[in-house]
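Below are the chains, spelled out letter by letter.
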Amino acid sequence: DTAVSQTPKYLVTQMGNDKSIKCEQNLGHDTMYWYKQDSKKFLKIMFSYNNKELIINETVPNRFSPKSPDKAHLNLHINSLELGDSAVYFCASSPKTSGGEQFFGPGTRLTVL
Amino acid sequence: QQQVKQSPQSLIVQKGGISIINCAYENTAFDYFPWYQQFPGKGPALLIAIRPDVSEKKEGRFTISFNKSAKQFSLHIMDSQPGDSATYFCAARTRSGGYQKVTFGTGTKLQVIP
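First to last, the sequence lines map onto chains A and B. So the first sequence is numbered by our numbering: it starts at 26 and just counts up by one. So the second sequence is numbered by our numbering: it starts at 49 and just counts up by one.
Because the hints were derived from the structure by calculation, they are not lab data. In this text the structure is predicted, and so the values were computed from the model without any measurement. Just so it is clear, CB atoms sit at the ideal spot from N, CA and C, and this is done for glycine as well. One thing to keep in mind: the hints can contain errors.
[Stated by the list, open to error] Chain A stretches covered by chain B per the calculated footprint, using a threshold of three residues with CB under 8 Å from any CB of chain B:
#1 66 to 79
#2 96 to 103
#3 109 to 119
Could you build all of it, start to finish, from the sequences and the hints given here?
Structure follows, in structure tokens:
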């Protein structure tokens, strides 16, 4: 069984479009995250949610809006896509906000043309 | 500002050799230092981790050496195998306000050649 799953795996779109990436974890974890990995493989946290509540927002442009309908899901919606948004986006989860191993999803490669 | 500095950026090692990846940090609030392994097309996965009150941790062929006074830590992969070829990330965690935040190094692409 997949612990942290993301859809889609690949996303190719035009500048200015709006797109969403979905994430689900079946580990029963309380905390979920979104990370961005750029072309140089640098991995940086974007958001952290604990049981549907936003905990961390790392100065991400407000074109990015995470939504957590329940603690097993954390979706990422991106408005007005820009070329610089092209990256691999990883969802992750951990047992609790204060600690525990982070389990990563397989990633979504977003390409903005 | 890169809080966790990692080197080298890439590394080629012969099968059976020792792979060494180094990391350094400045923030003394870091309280946990994990290493992640990432294969192409996959998400990072926890490999091994250490707390700053321990100078060394070994799990199979993987060893973390930790030097708290120098604010440096390193991953040693003994008897490196082609299957170890991946990108390795060191990381460091802070805890504040009841939540953890993990900062990653820039990654090291390891290639183990037969």
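Hint by hint, here is what the structure shows:
1. 66 to 79: holds (count 7)
2. 96 to 103: Since 0 is below three, the answer is violated.
3. 109 to 119: With 3 residues closer than 8 Å to chain B, the stretch 109 to 119 of chain A meets the three-residue bar; holds.
In summary, the structure is inconsistent with hint 2 from the numbered list given earlier, while agreeing with all the others.
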